[in-house]
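Protein sequence lines, in the order shown, are assigned to chains F and E. In this text, residue positions in the first sequence follow our numbering: the first is 1, and each later residue adds one. In this text, residue positions in the second sequence follow our numbering: the first is 1, and each later residue adds one.
One or more of the hints may lead you astray.
Incomplete in silico selection of chain F near chain E, CB under 10 Å [claimed, not checked]:
#1 K7
#2 T68
#3 R82
Simulated from the structure, these hints should not be mistaken for lab results. C-beta: ideal position from N, C-alpha, C; glycine also.
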Amino acid sequence: MVKEGKKVRVDEKKNRVTVTFDTRFYEPESIRLSVNDFRDCCSAKLKSEDGKITVVLSPKSKEIDINTLGYEFYNYVLGRMRSSESRF
Amino acid sequence: MTRKGRRSSIDNIEINKDENYLIVSVNPKIYNLDIVYYAAYVLMDRAYAILGGDPEKEILVELRPKDNTDLETLGREFNNELLNYAVYMKQSAKNQRLREAILQRVLMTNLAPVESEEAKDPEGIARPWREKHGKGRKKS
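All chains should be modelled from the sequences, with the hints used to inform the complete structure.
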């Protein structure tokens, strides 16, 4: 049994969501490209440390649901990895 | 990602009804990471998928349905997709040489014919009868 911290953290007060990626599963290049694609609707910060990449997303519009944004981003990165065809 | 909560009847699925998500545990020796990616990708329109765990020992896939899909059904469907892509990849590996041969043959079709001894036809066998004996034949 493997225990890990929460991958999606929502901070409703500061109106931002923090998502953590394990680079053993997610390609850093796909994460970077996804962040770039999300820049239209969110301000994004990217941090990298110890095989993990952390992305902080703050939606620019109130119409974006902050509770699903992190999960949408996770799915988007997975889709990006497929379209790059480097992994699968 | 943690594996807490009530255990379901299926051994590799852990369902957390309170927070509406489930975790599927995958043995990478049975289903490799590429198969897990495929299976997660297929369910992406109906659920949010997060991969975690240890790619060498135990891959944990967290699935959160986007709609009111039953958690156990979703977990079972993910297991089915794993099997589906495992079979696909196995068949694909088996047929690889055949596919390459077919593709090579298709590409060769467009090449100009090679002039060989057989292609020269010194006996005139390949010439149509009409050309040799019919009306308007060429006198050689």
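Unmet hints by their number, sorted upward, for this structure: none
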